[in-house]
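So you can see what is in the structure, the chains are spelled out below.
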Amino acid sequence: MMRYAILLMGAPYSSQAAHSALRFARAVAERGHRLEGVFFYHDGVHNAARLAAPPQDEPHLVDGWTALAADHGVPLQICIAAALRRGLLDEREAARHGKQGYSVAPPFELTGLGQLVDLGLRCDRLVTFGP
Amino acid sequence: MANDKALGVDGDLLVILRHGPHGTSWLREGLDAALVAAAFGRRVTLLFMGEGVTALVPGQKSGPLGQKGTSPTLEMLEMYDIDTLLVETEALALFGLRADGLMLSAREVEAAELAELASTHSLVLTF
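In order, the protein sequence lines correspond to chains A and B. Quick note: the first sequence uses the numbering used here, first residue 71, plus one each step. Quick note: the second sequence uses the numbering used here, first residue 99, plus one each step.
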């Protein structure tokens, strides 16, 4: 049993990165390893967009991440600085910035880059997926 | 480590910067990760590789896009105790730069030494 973490820096549907990261995450958990968390940074923060509505015959990545969190208890952490400037706000941040509506909801959580460093140093392997 | 004598550089986090200061946010977001790690007391090494070496060209301004530019961030590195800066020798040659003409003092490393650097840091992040 190894402790893994994933860093995802690719936007959904723009490149293979998000699809591969999700498949890798499932494989890690299903092989009996521990996936300590997925951290979304750079354009990877778009994976948390709760309003994503892909065509029905394509994989739904937001639902995929949500199911991963539900099935295996994997924390989904979004860099707050990268998210806010790209329009990804949870209910609390939306209120704080006076915005109508919000674009990020649990199980995704906005957090700081310190969590990425902590995650990377705590795990046996941090695997990065990017464009 | 058997070979950490060769370079003698180790630390908690190696941040590899492979993009130039303009055109994308990779460099800015890579530097942000380095600064946060340092603020949390981690020992951080920065490696400017490939196009990333152009971040160290002196005299850069923010430009017409209204972005902040990265040189003010680079000037703050010392304040965060990030003093191990490395530049890839091959990349300097490729861009016609010299280590002694950069905005910050940085030590040259060769591409062949990268494996050693990765092995002497607990975590490697590439931007």
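Treat the hints with caution; some may be incorrect.
[As the list claims (entries may be wrong)] To give an idea of the chain B side of the interface with chain A (calculated C-beta under 8 Å), a few residues: (1) Asp108; (2) Leu111; (3) Glu127; (4) Val134; (5) Ala135; (6) Tyr178; (7) Leu221; (8) Thr224.
[To be verified] From the derived model, a few chain B residues whose C-beta atoms are all more than 10 Å from chain A: (9) Asp110; (10) Gly118; (11) Ser123; (12) Pro170; (13) Leu175; (14) Asp181; (15) Leu183; (16) Leu200; (17) Val207; (18) Ala216; (19) Leu223.
Just so you know, the hints here were simulated from the structure itself, not pulled from any lab data. All of these numbers come straight from a predicted model, not from anything done at the bench. We put the CB at the ideal spot given by N, CA and C, even for glycine.
(message) Tell me the numbers of any earlier hints that the structure contravenes, in ascending order.
(response) Of the numbered hints given earlier, those the structure breaks are 1, 6, 9, 11, 19, listed in rising order.
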